[in-house]
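Given only the sequences and the hints, what does the whole structure look like? Please build it.
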Amino acid sequence: MVPLSWYLILSAILFSLGVVGFLIKRNIITIFMSIELMLNAVNLSFVSFANYWHQNADKLPANVAPLSGQVFVFFVMVVAAAEAAVGLAIIIAVFRTRETLNVDRVNLLKL
Amino acid sequence: MNPNLNLWVIPLLPLAGAAINGLLGRRFKNGVVSFVALLFTAVSFGWAVWAVWTAWPESGRVALPYIESHGNWIWTSAFSAPFGFYLDPLSMVMVLVVTGVGFLIHIYSVGYMAHEGGYYRFFSYLNLFMFFMLMLVLANNYLLLFVGWEGVGLASYLLIGFFFLKDSAADAGKKAFIVNRIGDFGFLIGMFLLIQHFGTLNFDSVFGQVSKLGSDGGWGWLTIAAICLMVGATGKSAQIPLYVWLPDAMEGPTPVSALIHAATMVTAGIYMIARSSAIFSRAPHALALVAVIGCLTAFFAATMGMAQTDIKRVLAYSTVSQLGYMFMACGVAAYSAAIFHLMTHAFFKALLFLAAGSVIHAIGGEQDMRRMGGLRKLIPWTFWTMTAATFAIAGAPGLAAFFSKDEILDKAYASPFDGHLLWAVGVVTAGLTSFYMFRLWFMTFFGERRPNADLGDAHAATAAHAAAPAHGHDDSHGHGVHESPWVMVVPLVILAIGSVLSGWVGVPHIFKGHDRIDGFLQPAIQTPADVAASSETQPGAAVPHAAVEEEAESAGVEWSLIGTSVAVAAVGFFFAWLLYYKQRDLPDRITARIHGVYLTVLHKYYVDEGYGALFVKPLLALSTVVFWRGVDQGMIDGMVNGAGETAKEIGGQLRRMQSGNIRSYAAWVAAGGAAVIAYMVWLGVGK
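Keeping their order, the protein sequence lines are chains A and B. Read the first sequence against the numbering used here and you will find it ends at 121, with the numbers running on by one and no gaps. Read the second sequence against the numbering used here and you will find it ends at 835, with the numbers running on by one and no gaps.
It is worth saying that the hints were derived from the structure and are not from the lab. In this text, all values refer to a predicted model and were calculated from it rather than measured experimentally. Just so you know, not all the hints are guaranteed correct.
Pairwise CB distance ranges (calculated) [said to hold, decoys possible]: (1) A/Ala75 <-> B/Tyr827: 23 to 31 Å; (2) A/Val86 <-> B/Gly800: 38 to 46 Å; (3) A/Leu77 <-> B/Gly800: 47 to 55 Å; (4) B/Gly800 <-> A/Leu18: 39 to 47 Å.
Straight-line C-alpha distance at most 20 Å; calculated SDA-like pairs for lysine to any residue [to be verified]: (5) A/Lys35 <-> B/Asn809; (6) A/Lys35 <-> B/Ala818; (7) A/Lys35 <-> B/Ser807.
Pulled a few chain B residues facing chain A out of the computed Cβ check, cut under 10 Å [stated by the list, open to error]: (8) Met805; (9) Asn809; (10) Arg811; (11) Ser812; (12) Ala818; (13) Gly820.
Even glycine gets a Cβ: it sits at the ideal position worked out from N, Cα and C.
Pasting the structure below:
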């Protein structure tokens, strides 16, 4: 049986990798992937907790719904999918006008 | 039951006049301006006469001192100062002198100022002065007295600098004000000491409380308080070391010199000391200091007066010298003699100034006596009134100063501390007084006319401070010498009568007189003898008046004292006659002989220069280097500018956060999140 803390540590590592990638990478596609990584790190902790409460239902506090972790993961996936659609569209539009994916060159709102 | 004297009317009327003329006078014709000013002053004088008559001590109609209160002015739990008036024999004398002489000088000014610009301004200031002076003499507490005290200083400043376009006049005004402030500082400290120990500044309660104290033989707080009050008096009454402003104050129009700088304001210090006689009489050291200062001032001012050639400056030094006499009288606890001399001096010195003004007016603004001469026949009214005043101040038997000055010298002689020395200096000063006054008299009225006299080298030496013609007359007077109009002559005549007769209110016992002024003022003052008597005898027991015993034993001494001063005055007259009438070349030969001494005296002992080097320059340097460059520019500006610079620096650093770089914002967000997590972990660990 894998303890909860392992999942959470993995989740924190993935999230940190996402943050670091977001901060240091210049390529906008990589940044986008880093954001996805952070979202999925959070998803991992959601499902970990959901699983934990499923196995320890006797300790479940009265105000917590047992499957809320899984439900939230679906929400996050929906948001991530929408974000990917909109984000990739923006990236393509930027690339068409600027011919670059380097964010440091895309720091002006005007053309 | 006391009738209501409504004393508040007396000072308030001139204030109303000042307000009307000051606010609306610009549109008035000159006639309206002088009518308003004269009317209010005259009614004030009339009211004062009525009040004094009603409250006359011998009539018993009013219980003296009469105190009139118009509510509280300052009111705190620990201290209160009422807005009230106080009438006793001392303030009776003062209020009559101020309103009476003031009214005459107002009349005179109508003629004298007729051709000057700023006519309404002049009368507004003059009325304002009357208001403050009357507040000063009628106040029933030291604080209200101080209001008048500062107010007359203000009016004096405004009137000295009346011809404000002239630098010397503006400077003289500032000098008078600043030098007076030094004295006022002492006065304030004295008042604070009184508040600290008595908790009040009301005359009746201060004197009531001080009467319970014994004489302060040492240097206790009472002596310190008295000395502080005296410092205030030296400023206002132009005594050493603060006399320097008065000669310069002659830059003002001549009626101002007569009213403020001869008859009334400068006597405020004497009045204050006489008013505080209960305090001073319990502080022998302070009294001795007053006597010494007065004596020295009288002597040195008289010597300085001998060498001056500006007619008004001679009179200015004479005023300083006469004030020195009054100071000396206060110092030997002869307060009534001081007030007596104050009153006679108000008559003859006001007259001297007004007559000098009439002379200046007559010859078109010239003030240098070396350019006068031979005016006796041309301006007879001025000549005869001036003669009366000159003889009066010189102490000719029967005239005003004969009685008042002799009273002072007599009391000085009889005083316990080195009285003979004080007397000797006083007598020498009397001789000098006689000399410089007759010098003025001969130079102005006798000999030949010399309107264009070459003033020669000596003039160049004095040009810097003496020869500037202060009177701003235009050339319309240049056409010839003329007697002044009647509005100027009438006050002269009235004052001349006063100069001749005013001494008779104080004829001493030795002339079979009753020394009425002494007895009149008796209730208002306390001499050391009274202090000693009240502390030694039982209350209610008969208090032997020390002076009575003294006089009985010393009639012979007194006769010889009187003889001496008359003789000395005659000697002064003789030398003036010899040097400035009979042998006119003699003065030059003498001054050539004692050139160094002469120059020293001519330059007034270099006191102004000494003060300049000793106080003004170091103060200026200190202010420039330390206070201006150091404190003001360095610290204050440094702090203000530093605050701005610091904010700018911090802003400049913080500005870098707003880089426009998304990833740096994200880094801040991440750092913030990390900080929050770290904080929560720390909280969790704490549990």
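Now the hints, each set against the structure:
For alanine 75 of chain A paired with tyrosine 827 of chain B, a C-beta distance near 29 Å keeps the hint of 23 to 31 Å intact. For valine 86 of chain A paired with glycine 800 of chain B, a C-beta distance near 42 Å keeps the hint of 38 to 46 Å intact. A C-beta distance of roughly 54 Å is found between leucine 77 of chain A and glycine 800 of chain B, which places it inside the suggested range of 47 to 55 Å. Glycine 800 of chain B and leucine 18 of chain A have their C-beta atoms about 43 Å apart, which keeps the hinted 39 to 47 Å range intact.
Taking the CA atoms of lysine 35 of chain A and asparagine 809 of chain B, the gap is about 13 Å. The hint holds against a cut of 20 Å. Taken as a hint, the lysine 35 of chain A and alanine 818 of chain B pair is honoured in the structure, with Cα atoms around 15 Å apart against an allowance of 20 Å. Pair hint lysine 35 of chain A plus serine 807 of chain B holds up; C-alpha atoms about 17 Å apart against a cutoff of 20 Å. Interface hint status for methionine 805 of chain B: violated, as the beta-carbon distance to the closest one in chain A is roughly 15 Å, over 10 Å.
With its C-beta approaching chain A no nearer than about 7 Å, asparagine 809 of chain B sits inside the 10 Å limit, and its interface hint holds. For arginine 811 of chain B, the suggested interface contact is upheld, since its CB lies about 5 Å from the closest CB of chain A, less than 10 Å. Satisfaction of the interface hint for serine 812 of chain B is found here, the shortest Cβ-Cβ separation to chain A being roughly 9 Å, below the 10 Å cut-off. Because the beta carbon of alanine 818 of chain B sits about 5 Å from the nearest beta carbon in chain A, less than 10 Å, this interface hint is met.
Because the closest C-beta pair between glycine 820 of chain B and chain A is about 12 Å apart, greater than 10 Å, the hint is violated.
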